[in-house]
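If you read the sequence shown in the UniProt record's numbering, its first letter stands for residue 1, the second for the next number, and so on.
Careful, some of the hints might be misleading.
[To be verified] Once the Cα atoms are required to be at most 20 Å apart in a straight line, the calculated DMTMM-like pairs of lysine to aspartate or glutamate come out as: (1) Lys35 with Asp127; (2) Lys69 with Glu94; (3) Lys35 with Asp5; (4) Lys35 with Glu57; (5) Lys29 with Glu57; (6) Lys69 with Asp110; (7) Lys35 with Glu94.
Honestly, the hints are just simulated from the structure, not real lab data.
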Amino acid sequence: DDMIDIAGFTRLTERVIWQAIENTGLAYKEWTVRKEVREKPILHLYLELRENGYVTEEQVAESVHHELKRLDAPYADLEVFLGLRPLEVTLLPENAFQGYMSRQQAAGADLAHLKPPHINPSDGIIDCLVNGTGKIPVTSKQKRQPETIHSK
1 DDMIDIAGFT
11 RLTERVIWQA
21 IENTGLAYKE
31 WTVRKEVREK
41 PILHLYLELR
51 ENGYVTEEQV
61 AESVHHELKR
71 LDAPYADLEV
81 FLGLRPLEVT
91 LLPENAFQGY
101 MSRQQAAGAD
111 LAHLKPPHIN
121 PSDGIIDCLV
131 NGTGKIPVTS
141 KQKRQPETIH
151 SK
């Protein structure tokens, strides 16, 4: 699914989220985002910056939130009508995405599955990006053989 529904108010696409990140002017390597439900639904952005030393997760969240409000009126309404600011940001360690792709390649994943999806990655993918660990299902390069079906 390439959309994230937040509280039934807005459906954010990969393109809108990417544009919001781009508009902040932050120098980043890669990102992924998913909906997580806690007390309230949140949009959790996992972002690997090119260089980080001066930017906090809160500053990044504020900048991206501002851009999302500008780009998507229903997202802005979440704050106006419900008092929600659903965006949370986790800054990933340096080379988190490269490490993920190296692990995928070593496990025999095909080229189409080396990078994690931008929208709604699994818990295993997030664990790998955040901690460098986690089980990730690998789509192998080997072709599956058709199963024989026996009819009675």
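Consistency of the hints with the structure:
no., hint, verdict
1, Lys35 with Asp127, "holds (15 Å)"
2, Lys69 with Glu94, "violated (29 Å)"
3, Lys35 with Asp5, "holds (8 Å)"
4, Lys35 with Glu57, "holds (17 Å)"
5, Lys29 with Glu57, "holds (15 Å)"
6, Lys69 with Asp110, "violated (37 Å)"
7, Lys35 with Glu94, "violated (23 Å)"
Violated hints for the displayed structure, listed by number in ascending order: 2, 6 and 7.
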